[in-house]
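Peer 1: Work out the full structure: start from the sequences and follow the hints.
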Amino acid sequence: MAQLRIALAQVNSTVGDLDGNADRIVDWARRAAGAGAHLVAFPEMMLTGYPVEDLALRGSFVEASRRALERLARRLAGEGLGDLPVVTGYLDRREGGPSRAGQPAGAPLDGAAWLHGGEVLARSAKHHLPNYGVFDEYRIFVRGDRLPVVRVHGVDVATVVCEDLWQDGGPVSVTTASGAGLLLAINASPYERDKDDVRLDLCARRAREAGCALAYVNMVGGQDELVFDGDSVVVGADGTLLARAPQFAEHLLLADLAVPAAAYGAASGEPEGARVDARDGTTISIDRHV
Numbered sequence: 000m001a002q003l004r005i006a007l008a009q010v011n012s013t014v015g016d017l018d019g020n021a022d023r024i025v026d027w028a029r030r031a032a033g034a035g036a037h038l039v040a041f042p043e044m045m046l047t048g049y050p051v052e053d054l055a056l057r058g059s060f061v062e063a064s065r066r067a068l069e070r071l072a073r074r075l076a077g078e079g080l081g082d083l084p085v086v087t088g089y090l091d092r093r094e095g096g097p098s099r100a101g102q103p104a105g106a107p108l109d110g111a112a113w114l115h116g117g118e119v120l121a122r123s124a125k126h127h128l129p130n131y132g133v134f135d136e137y138r139i140f141v142r143g144d145r146l147p148v149v150r151v152h153g154v155d156v157a158t159v160v161c162e163d164l165w166q167d168g169g170p171v172s173v174t175t176a177s178g179a180g181l182l183l184a185i186n187a188s189p190y191e192r193d194k195d196d197v198r199l200d201l202c203a204r205r206a207r208e209a210g211c212a213l214a215y216v217n218m219v220g221g222q223d224e225l226v227f228d229g230d231s232v233v234v235g236a237d238g239t240l241l242a243r244a245p246q247f248a249e250h251l252l253l254a255d256l257a258v259p260a261a262a263y264g265a266a267s268g269e270p271e272g273a274r275v276d277a278r279d280g281t282t283i284s285i286d287r288h289v
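Letter by letter, the sequence shown follows residues 0 to 289 of numbering that gives the first Met the number 0.
Don't read these hints as lab results, they were simulated from the structure. This one's a predicted model, so the numbers in the text were calculated from it and none came from an experiment. All clues given are correct.
Pairwise CB distance ranges, derived in the manner of DEER restraints: (1) A34 - D193: 27 to 33 Å; (2) G116 - A34: 19 to 25 Å; (3) D193 - D237: 19 to 25 Å; (4) K194 - N130: 18 to 24 Å; (5) D16 - A242: 25 to 31 Å; (6) G79 - F134: 35 to 41 Å; (7) A242 - R138: 32 to 38 Å.
Below, in silico cross-link-like pairs of lysine to any residue (SDA-like), each with a Cα-Cα straight-line distance of 20 Å or less: (8) K194 - G238; (9) K194 - P129; (10) K194 - N130; (11) K194 - E249; (12) K194 - A248; (13) K194 - Q166.
Cβ coordinates follow ideal geometry from the N, Cα and C atoms, glycine included.
Peer 2: Shown next as structure tokens:
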């Protein structure tokens with residue numbers, strides 16, 4: 000078993016304030032580094048704020064988000080935080096690939112990025128796009144089709160975004176095939192009555208399905224008519240609750256995990272970029288960084 004200390008930065012962000020949100024990421028990453036974390040994760044769309052709504056359809060804002068992400072990676076390294084892997088949500092766009100009828104202009108993506116060593120190490124995007132209740136994401140985003148698996152302190156860590164946990168199939172199913180020791184989910188999940196119980200049950204079920212520990216970081220604060228309650232959690236591969244953050248407050252949740260060491264290597268025979276049946280009518284490629 001490998002030892003991994005993770006930090007989940009349950010923090011607030013402001014829609015459109017790219018510089019201010021970047022400042023917050025640097026601040027909380029510094030706190031995580033000071034606490035000895037091997038990895039720190041931030042919520043969905045942390046860099047842009049959430050929900051971005053029709054800002055996603057403005058090409059200038061998408062490009063501003065992409066540039067801000069690159070600047071953030073360099074800044075983290077420049078401030079002595081380059082050795083700490085940082086996972087954050089941001090707004091991206093798809094380059095090439097198939098299109099669908101009614102696809103939003105510019106093919107925006109609800110992105111997740113790994114920052115390390117002054118660079119953007121890996122990029123992915125939300126696969127399942129909610130289009131119910133307060134969500135209108137099928138109209139403004141295209142779905143992602145990659146599962147990044149990044150080796151951190153001897154552990155392979157897979158990354159998904161919010162709705163990817165709530166729907167069957169997709170990246171969670173592919174996580175099982177990837178052999179990851181930790182599934183990291185970045186979220187902007189709004190509060191509703193009894194949501195804390197529903198959320199914990201969901202995380203426990205998905206951890207058992209993926210066959211690995213699961214870390215769930217959620218944003219906190221309010222935007223438009225939505226309130227985000229935090230309640231970030233870490234559960235073991237058997238669904239046991241290991242750590243939990245408070246509701247309605249910013250918090251750095253630390254958890255020390257004993258998880259299986261990475262087993263994948265160059266001799267495994269897995270083709271680079273191999274596509275795996277996601278059990279939802281699509282295929283997803285495993286994007287490994289070892």
